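Residue numbers (the working numbering), protein chains in the order written: chain W, 1 to 135; chain B, 1 to 110.
Don't take each hint at face value.
[Stated by the list, open to error] Straight-line C-alpha distance at most 30 Å; calculated BS3-like pairs for lysine-lysine:
hint, chain 1, residue 1, chain 2, residue 2
1, W, Lys62, B, Lys77
2, W, Lys111, B, Lys73
3, B, Lys79, W, Lys111
4, B, Lys8, W, Lys100
5, W, Lys111, B, Lys77
6, W, Lys100, W, Lys83
7, B, Lys73, W, Lys62
8, B, Lys105, W, Lys78
9, W, Lys100, B, Lys79
10, W, Lys111, B, Lys8
11, B, Lys95, W, Lys78
12, W, Lys83, W, Lys6
13, B, Lys73, W, Lys5
14, W, Lys6, B, Lys34
15, W, Lys62, B, Lys105
16, B, Lys105, B, Lys74
17, W, Lys52, B, Lys77
18, B, Lys77, W, Lys100
[Claimed, not checked] Okay, the calculated bits of chain B under chain W, using three or more residues with CB under 8 Å as the criterion:
hint, stretch
19, 5-15
20, 68-75
Derived from the structure by calculation, the hints contain no laboratory data. In this text, all values refer to a predicted model and were calculated from it rather than measured experimentally. We treat Cβ as the ideally placed atom computed from N, Cα and C, and that holds for glycine.
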Amino acid sequence: MSEIKKFMYLNRRAPYGTIYAWESLEVVLIGAAFEQDVSLAFVDDGVYQIMKGQDTAEVGMKNFSPTYSALGDYEVTKLYVEKESLEERGLTIDDLMDLKWEDEDEDWAEKDSIILVSREELSQAMSEQDVVFSF
Amino acid sequence: MAIDVDGKSYETDEEGYLVNISDWVPGVAEVMAKEDDLELTDDHWEILNFLREYYEEYQIAPAVRVLTKAVGKKLGKEKGNSKYLYSLFPYGPGKQACRYAGLPKPTGCI
Chain W
1 MSEIKKFMYL
11 NRRAPYGTIY
21 AWESLEVVLI
31 GAAFEQDVSL
41 AFVDDGVYQI
51 MKGQDTAEVG
61 MKNFSPTYSA
71 LGDYEVTKLY
81 VEKESLEERG
91 LTIDDLMDLK
101 WEDEDEDWAE
111 KDSIILVSRE
121 ELSQAMSEQD
131 VVFSF
Chain B
1 MAIDVDGKSY
11 ETDEEGYLVN
21 ISDWVPGVAE
31 VMAKEDDLEL
41 TDDHWEILNF
51 LREYYEEYQI
61 APAVRVLTKA
71 VGKKLGKEKG
81 NSKYLYSLFP
91 YGPGKQACRY
101 AGLPKPTGCI
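Okay, chain W solo, but in the shape it has when bound (with noise of 0.2 Å):
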């Protein structure tokens, strides 16, 4: 394998009415397969789609939300939540599901996956990466 590359999903949409949620947690889990430094972003309606309590009972579309809590199964620890984005929309952390990954190096000890960064934090972080995709 190649050297190890820094890949950023960022994710700016709701998560429904559209697909690209759904399509870049996909691509996230697949990709997560090559064993590469991912992180994924979420801003702007982007963070609708880790909220608590998701019920798509009246869209007719599958409610995928418990997939984001696999994410530290596949080696996926850092999700960035820009804080601007979450005021914007009257939101704070506690709104968010508790995303943590298992640490195998310390006996399973559950750990935070989600990061709350500033705006400016977020385009340092964006800044550092080789490749970002935006969905």
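Take the given structure of chain W and dock chain B to it, following the hints.
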């Protein structure tokens, strides 16, 4: 395509996976295994039940390396390795076991 289980027909896709996960009954796994000349033992069922629980919780079929790790954590290290899983499901624990369990083809299976 379709398979017949106890006189009832179940729709499958072109790779033999069940189209409707909610259709699944244990007989589906039995019939699929028989077509592969495989007899399902308790060890097989342990993995199949594990996969169904995994899908129930996360709404995806795990990639094989994720399955291996999760099995190791839940059922013990002696089972959480590809040698053990391949001994049960020689066509690949991801694809074959997921198919028997009524799950879609694993996400991240390339």
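Going through the hints against the structure:
Between W/Lys62 and B/Lys77, the direct Cα distance comes to roughly 34 Å. Violation of the 30 Å bound is thereby established for this hinted pair. Under the criterion of a C-alpha separation no larger than 30 Å, the hint pairing W/Lys111 with B/Lys73 is consistent with the structure, at around 17 Å. With a C-alpha separation of about 25 Å, the suggested pair B/Lys79 and W/Lys111 falls inside the 30 Å cut-off, and the hint holds. Note on B/Lys8 and W/Lys100: the hinted pairing is violated, with a Cα-Cα distance of about 42 Å set against a maximum of 30 Å.
For the suggested pair W/Lys111 and B/Lys77, the alpha carbons sit about 22 Å apart, so the restraint of at most 30 Å is met. Distance check on the hinted pair: W/Lys100 and W/Lys83 sit about 19 Å apart at the alpha-carbon level, within 30 Å; holds. This hinted pair checks out: B/Lys73 and W/Lys62 have alpha carbons roughly 28 Å apart, not beyond 30 Å. As the CA atoms of B/Lys105 and W/Lys78 are separated by approximately 26 Å, the hinted pair is consistent with the 30 Å bound.
For the proposed pair W/Lys100 and B/Lys79, the alpha carbon gap of about 24 Å is at most 30 Å, so the pair holds. For a cut-off of 30 Å, the pair hint linking W/Lys111 to B/Lys8 is broken: about 47 Å separates their Cα positions. Straight-line distance between C-alpha atoms of B/Lys95 and W/Lys78 comes to about 28 Å, which keeps the hinted pair within the 30 Å bound. Our distance criterion of 30 Å between C-alpha atoms is met by W/Lys83 and W/Lys6, whose separation comes to about 22 Å.
A threshold of 30 Å between alpha carbons decides the hint, and for B/Lys73 with W/Lys5 the separation of about 29 Å falls inside it, so the pair holds. Straight-line distance between C-alpha atoms of W/Lys6 and B/Lys34 comes to about 45 Å, which puts the hinted pair past the 30 Å bound. Restraint check for W/Lys62 and B/Lys105: satisfied, since their Cα atoms lie roughly 17 Å apart, inside the 30 Å limit. The suggested pairing of B/Lys105 with B/Lys74 holds, with an alpha-carbon distance near 22 Å, which does not exceed 30 Å.
Restraint check: the Cα-Cα separation between W/Lys52 and B/Lys77 comes to about 33 Å, which exceeds 30 Å; the hinted pair is violated. Straight-line distance between C-alpha atoms of B/Lys77 and W/Lys100 comes to about 22 Å, which keeps the hinted pair within the 30 Å bound. Here's how the stretch 5-15 of chain B fares: 0 of its residues keep a CB closer than 8 Å to some CB of chain W, so the rule of at least three is not met and the hint is violated. Beta-carbon proximity to chain W at under 8 Å applies to 3 residues in the stretch 68-75 of chain B; the threshold of 3 is reached and the given coverage holds.
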